[in-house]
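K.L.:
For the protein sequence lines, the chains are A and B, in the order given.
Everything in the first sequence is counted per UniProt numbering, starting at 1 for the first residue and increasing by one.
Everything in the second sequence is counted per UniProt numbering, starting at 1 for the first residue and increasing by one.
No lab work stands behind these hints, which were simulated from the structure alone.
Just so you know, these numbers come straight off a predicted model, no measurement behind them.
Don't be surprised by glycine CBs; every beta carbon is placed ideally from N, CA and C.
As a list, the in silico DSS-like pairs of lysine-lysine whose alpha-carbon atoms are at most 25 Å apart:
no., chain 1, residue 1, chain 2, residue 2
1, A, LYS171, A, LYS125
2, A, LYS181, A, LYS125
3, A, LYS207, B, LYS331
4, B, LYS40, B, LYS15
5, A, LYS207, B, LYS315
6, B, LYS315, B, LYS276
7, B, LYS276, A, LYS163
8, A, LYS207, B, LYS276
9, B, LYS276, A, LYS171
10, B, LYS221, B, LYS106
11, B, LYS215, B, LYS258
12, B, LYS315, B, LYS255
13, A, LYS181, A, LYS171
14, A, LYS163, A, LYS207
15, A, LYS125, A, LYS175
Which stretches of chain B does chain A cover? Using the computed rule of at least three CB atoms under 8 Å from a CB of chain A, they are:
no., segment
16, 113 to 119
17, 195 to 206
18, 231 to 237
19, 265 to 274
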Amino acid sequence: MTPENLLHRLPSTQKCTFGCPVLDRCLGGGIPCNSITELVAESGCGKTQLCLQLALSAQLPPSLGGLSASSLYIHTEFSFPSRRLHQLSHAFISSHPRIFNNDPCDRIFVHAVYSADQLFDIMPKIESFLENMNTQLPVKLIVIDSIAALFRSEFENTPIELKRRSSLFFKISGKLKSLAKRFGLAVVVTNQVVDLMGHSEGMNGLKVGNLGSLVSSGRRVCPALGLAWANCVNSRLFLSRNEEVVGEENGSVDVSACGGGDFLPRQTRRQLHVVFAPHLPDSSCEFVIRREGVFGVER
Amino acid sequence: MEVGRLPISASQRGKLIAAGYTTLSSFSSLSPSHLARDLKISDNEAAEIMRVASHSRRLDGSAGGCGTVNGAQTAWDMLHEEEMFPRITTSCVDLDNILGGGINCKEVTEIGGVPGIGKTQLGIQLAINVQIPVDYGGLGGKAIYIDTEGSFMVERALQIAEACIEDMSECGGLLRKDFQACQLKMHPNNILENIFYFRVCSYTEQIALINYLDKFISEHKDVKIVIVDSVTFHFRQDFDDMALRTRLLSGMALKLMKLAKDFSLAVVLLNQVTTKYIDGSFQLTLALGDSWSHSCTNRVILYWNGNERYAYIDKSPSLRSASAPYSVTSKGIRNSASNCKRIKMM
Numbered sequence: 001m002t003p004e005n006l007l008h009r010l011p012s013t014q015k016c017t018f019g020c021p022v023l024d025r026c027l028g029g030g031i032p033c034n035s036i037t038e039l040v041a042e043s044g045c046g047k048t049q050l051c052l053q054l055a056l057s058a059q060l061p062p063s064l065g066g067l068s069a070s071s072l073y074i075h076t077e078f079s080f081p082s083r084r085l086h087q088l089s090h091a092f093i094s095s096h097p098r099i100f101n102n103d104p105c106d107r108i109f110v111h112a113v114y115s116a117d118q119l120f121d122i123m124p125k126i127e128s129f130l131e132n133m134n135t136q137l138p139v140k141l142i143v144i145d146s147i148a149a150l151f152r153s154e155f156e157n158t159p160i161e162l163k164r165r166s167s168l169f170f171k172i173s174g175k176l177k178s179l180a181k182r183f184g185l186a187v188v189v190t191n192q193v194v195d196l197m198g199h200s201e202g203m204n205g206l207k208v209g210n211l212g213s214l215v216s217s218g219r220r221v222c223p224a225l226g227l228a229w230a231n232c233v234n235s236r237l238f239l240s241r242n243e244e245v246v247g248e249e250n251g252s253v254d255v256s257a258c259g260g261g262d263f264l265p266r267q268t269r270r271q272l273h274v275v276f277a278p279h280l281p282d283s284s285c286e287f288v289i290r291r292e293g294v295f296g297v298e299r
Numbered sequence: 001m002e003v004g005r006l007p008i009s010a011s012q013r014g015k016l017i018a019a020g021y022t023t024l025s026s027f028s029s030l031s032p033s034h035l036a037r038d039l040k041i042s043d044n045e046a047a048e049i050m051r052v053a054s055h056s057r058r059l060d061g062s063a064g065g066c067g068t069v070n071g072a073q074t075a076w077d078m079l080h081e082e083e084m085f086p087r088i089t090t091s092c093v094d095l096d097n098i099l100g101g102g103i104n105c106k107e108v109t110e111i112g113g114v115p116g117i118g119k120t121q122l123g124i125q126l127a128i129n130v131q132i133p134v135d136y137g138g139l140g141g142k143a144i145y146i147d148t149e150g151s152f153m154v155e156r157a158l159q160i161a162e163a164c165i166e167d168m169s170e171c172g173g174l175l176r177k178d179f180q181a182c183q184l185k186m187h188p189n190n191i192l193e194n195i196f197y198f199r200v201c202s203y204t205e206q207i208a209l210i211n212y213l214d215k216f217i218s219e220h221k222d223v224k225i226v227i228v229d230s231v232t233f234h235f236r237q238d239f240d241d242m243a244l245r246t247r248l249l250s251g252m253a254l255k256l257m258k259l260a261k262d263f264s265l266a267v268v269l270l271n272q273v274t275t276k277y278i279d280g281s282f283q284l285t286l287a288l289g290d291s292w293s294h295s296c297t298n299r300v301i302l303y304w305n306g307n308e309r310y311a312y313i314d315k316s317p318s319l320r321s322a323s324a325p326y327s328v329t330s331k332g333i334r335n336s337a338s339n340c341k342r343i344k345m346m
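The shape of chain A in the complex, shown without the other chains (with noise of 0.2 Å):
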């Protein structure tokens, strides 16, 4: 056994970019590789989107921010999102003319998961299949869209249950990481949000990372899958989105003055927080989501 030279590593640990350079200096140039990292939002923040996006972006060359590689994506919720999938490609194709011989599309491999166990039983599958891959593009971005919904329906909730599920989440953590570290890859896993019940004293009010709560929708929420699950990722993205009166926030408006806040015109804003990351300090971003995709917002 001999130890690893971490001037090989340098100058930074290889990451995936989003495509948008603001979004990428919030996360310290993009997902890294080697690692797992995971993306929690409720419903419609723009989790998958983020996912396709990276599935696009990692075909770009490393001089770009990509990793000149295939993606993996596993999901298990919903059916695929080909359309939206087809949409963001188009304006990826037109943003970079020059890069792409074929259908970005054809570089994504999609496959469906339907349980935990299936997840854990497919993994000699995926190592087999990234064994054998071409050489040209390997796959090196796995996402799965969403781990939450492997979870939390199957498992009851009473102690037994629970014990086998969060050892169920070191395995697959485990297995995945050591995918990653064997062929480079970065891991892209989402979460759901449950809602804080009550007051915040009880295990699910606990502080883990950088926030002291998570707001969304103006509720106040925390990821699912307790904190065994949060031992298990590397990083952990939040994405929220809440409603403000617009020119609230700079002091244009005076909420009171308008006599209830019903008439007054408001806008969707969504962030990104680092929960906790290993390389990265407490930062957010503000981003929108639009027809091509997802983009950071100067403030």
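Keeping the supplied structure of chain A fixed, place chain B upon it in accordance with the hints.
P.N.:
Then chain B, alone, in the frame of chain A:
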């Protein structure tokens, strides 16, 4: 010297012990015929045993007629030894204070906390601080970093290393020491080179590596700290045989304690937290169970107090229970920036 270490047959050993002779000194002054009568063996056999015993004693070099157990030290010697090794600073004054100056060599320290509290950051900071040259009050040693989760990011280590070098240059300038001696020739790349980084992906690899460390450290005598980040991860899966898991964990713990003692280095184990059902409610506790809590000398728990990070000495034979605030900055672990901090003694 113990009878158990004599190169004699098992039945002879059994007879010696059954007759009450457990150390060499207990029968070395007997005559062979007396020994033969006691053990009910032939005179020749007894003479053979006595010859082997005196030979082993000579090899051993111990003139221990006073019957001291081989390898024992006086407490005075131990105190001297302890003072020889400075502690490894954490770069946060408050944290160093509650630790009695820093992480101690020859001991196993366990540090646990929720995700995002700064365990890996502390691990990287220690791997760098152990390299602070002796002239600057450090150990001038190297580090072994065993990464079981993949949390080690080289750019973060580089950032912390650069900040450490900067701090040392400032310090050197202030002290106005003999510049020739203290000229800092360290470059962040040197610091990275002095961290022996191992990545393990399963519990078998982890155990194999820890068993191998004996050999590795005897070839790299300047290693002064071994950090395992985290020691728990691969053991939280279901083991079909939980007794196996306990055996593996205690074997690993013993090995690490032995490493710390034999090579006079610090062993730092980073641990995760889990919930335990105590007295009708769920409480936070370090993972790996109750039997593991005996495996380390010191135990530090990192936790959030509002928006501040705190460290708490949970278990230590020599330190009193206290908590201290710290912060994680772009330069690494540093003092807490808050104004109203104070060290709370329990």
